[in-house]
Amino acid sequence: MRPILAGIETEYGLHIETRGPEDQIEDAAALVRDYPGERFVGWDYRFESPRSDLRGFRVDRLAVDPRDARYDAGRTYPSDAELRADRVLPNGARIYSDHGHPEYASPECWSLEELALQDQAGEIAVARAGRAYAERTGLSVRLYKNNCDYHGASYGTHESYLVPRALGFERLFSAVTPILIARQVLCGAGKVGSDHDRACAFQLSQRADFLADAANVETLYRRPVFNTRDEPHADPRDWIRLHVVCGDANMISSATKRKAGLVKLALWLEDAGESPKWALADPVRAFRGVSRDDSFRFEIGLQGRSWTTAREVLESYFSAAEKVLGVRPGVPQDGPAGEAGSLIAECRELLDDLENCPERFRRRVDWAAKKAMLEQFLVAEGADWRDPRLRAFDLEYHNLSHSDGLYFALHEMGEVEPRPDAHEIEKRLESAFEPTRAYARGVAVRKFADRLRSVSWSALSLEDEHGRVWDLDLPPECAYSEALAAAPDVQSYSELLRGEP
Amino acid sequence: MTITADDRLRRPVTPNPQRKMGDDDAGPGRPNVPKPGGDNELLKRMKRVDPDQAKRYRQRSGQ
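As given, the protein sequences belong to chains P and X, one line each in that order. Residue 205 in the working numbering sits at position 205 of the first sequence, and the numbers go up by one each step. Residue 1035 in the working numbering sits at position 35 of the second sequence, and the numbers go up by one each step.
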């Protein structure tokens, strides 16, 4: 089992008093520009290719939500670079404005533990930018780590997994799609009501209503269960970056780990050519069906008029990992096998808790924590699921403010699992904590920000004290040495990175 | 390992219930939780929430 490099990018909801969605593009960029911490300003867009499709073609344009075009009528905007307001942080993360949402793209991580911590560090970074904006403008700012506005708009929390090019679209689609559908049960953020399709009172996923196709390259409109964007941010001859767009933003840290861990499990199995082969009848219908199933049977239609359940799908991956990969849940093992073993043990425990101990289940799963919170209100007020206040509570569950946010209220009261130590999260903004290429990128920002000419996920360009330009690749599979942080100047840093004497 | 439809009993998928908000059985079942006391801290925090916050909350579509 090889370690899989992964990252999470979260677009945050932004609500500023007296401002609306027509102002959001400018407001989000201004808020990101106000980020007060150490950073390098700029980004190298040359390696971006959002219109390239894994299936071997390139679309002319990406679909956009027609409602957004109305907000832009009669407006002119500055350049893309100005609107995006990219900042690269000392941990190798990128914070920028994406389609009017402050976005934190975590540094690449190998372990799930680190990924979850870096994802939570993003909450701090975005909240700091929000506070700085509020202080400068005098306006009240609310930031939400969620994925919908209850009026038909959605914004994403995307996951990236670096996988060998040899796997290709067909194998990835077949290996990953069933787990994307089934994992909602264990990682959904929960949502009151629906944005599209028939009405419902509560569902597991914030994104299910916005999925229109089984697979496509779109992200802004007609989104897919399986996204086919082919933008590897690495040598395209060797690598694919699997880009998952159907997941929710999680407030509970273990749910973030579980969300990424289940995809990694499918990838490890497919690496070995042994992922379970489920013949899904209709991935979109299955995704929505699981999200909205208040009977908790979570049935998934299969070809041939048969069906299975989310639990059976998950268990098929777990048992295959035990059989094929030698993973031993509950038994300490090193590396990816240990990570997979802990994940499987936890997921099995949760699936049992869902049936037998909902009080324990809701401490670790956002949708269940949120639903239990809403039910307390319903009982206390004698209200029902049609009460319009429920959506306000749903939204405020995701508020980043520790004093106002309802997730943070549940946390204070011990109703959800404890968060990782606040200091551990905060120090993630200062450096990458694993020897990934994010570490090298972060060192360059920390030590040589005034010498950096450009930064991207896969490359750096620096100019040394003698005017020599160093164009440096950041291969994703390498382990980067701590010696980089001790390099006294750009030349020695660059030589170390290139492996030169 | 291959699991296909042929390996399973042929069972029809339960049709999705066509419910609408306001139907008698709409939504999750009646919560099985005791009525919280008046000093419940969570309820106090919830009552501080502007009930129209979600109504006013409008966003552009992101990715």
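Fair warning: there could be bad hints in the mix.
Stated by the list, open to error - In silico EDC-like cross-links for lysine to aspartate or glutamate, where the CA-CA straight-line distance does not exceed 20 angstroms:
| id | chain 1 | residue 1 | chain 2 | residue 2 |
| --- | --- | --- | --- | --- |
| 1 | X | Lys1055 | P | Asp384 |
| 2 | X | Lys1047 | P | Glu274 |
| 3 | P | Lys323 | P | Glu274 |
| 4 | X | Lys1055 | P | Asp195 |
| 5 | X | Lys1044 | P | Asp352 |
| 6 | X | Lys1044 | P | Asp384 |
| 7 | X | Lys1047 | P | Asp195 |
| 8 | X | Lys1044 | P | Asp195 |
| 9 | X | Lys1055 | P | Asp387 |
| 10 | X | Lys1055 | P | Glu22 |
Unchecked claim - Here are a few chain P residues that face chain X, going by a calculated C-beta distance under 7 angstroms:
| id | residue |
| --- | --- |
| 11 | Gly13 |
| 12 | Val41 |
| 13 | Gly42 |
In case anyone wonders, no lab produced these hints; they're calculated from the structure. None of these values were measured; they are calculated from a predicted model. Ideal placement from N, C-alpha and C gives every residue a C-beta, glycine not left out.
Taking the hints in turn, this is what the structure says about them:
1. Between Lys1055(X) and Asp384(P) the alpha-carbon distance is near 18 angstroms, which keeps this suggested pair within the 20 angstroms criterion.
2. The straight-line distance between the Cα atoms of Lys1047(X) and Glu274(P) is roughly 51 angstroms, outside the 20 angstroms bound, and the hint therefore fails.
3. For the hint linking Lys323(P) to Glu274(P), the alpha-carbon distance of about 10 angstroms falls within 20 angstroms, and the restraint holds.
4. For the hint linking Lys1055(X) to Asp195(P), the alpha-carbon distance of about 13 angstroms falls within 20 angstroms, and the restraint holds.
5. Of the supplied pair hints, the one linking Lys1044(X) and Asp352(P) is violated, its CA atoms being roughly 32 angstroms apart against a limit of 20 angstroms.
6. For the suggested pair Lys1044(X) and Asp384(P), the alpha carbons sit about 19 angstroms apart, so the restraint of at most 20 angstroms is met.
7. Distance hint between Lys1047(X) and Asp195(P) is unfulfilled; the C-alpha atoms sit about 25 angstroms from each other, more than 20 angstroms.
8. With a C-alpha separation of about 29 angstroms, the suggested pair Lys1044(X) and Asp195(P) falls outside the 20 angstroms cut-off, and the hint is violated.
9. Between Lys1055(X) and Asp387(P) the alpha-carbon distance is near 13 angstroms, which keeps this suggested pair within the 20 angstroms criterion.
10. Proposed proximity of Lys1055(X) and Glu22(P) is supported: the alpha carbons are some 17 angstroms apart, at most 20 angstroms.
11. For Gly13(P), the shortest C-beta to C-beta distance to chain X is roughly 6 angstroms, which falls under 7 angstroms, so the interface hint holds.
12. Hint on Val41(P) is violated. Least Cβ distance to chain X is approximately 22 angstroms, over the 7 angstroms limit.
13. Because the smallest distance between the Cβ of Gly42(P) and any Cβ of chain X comes to about 21 angstroms, over 7 angstroms, the interface hint for this residue is violated.
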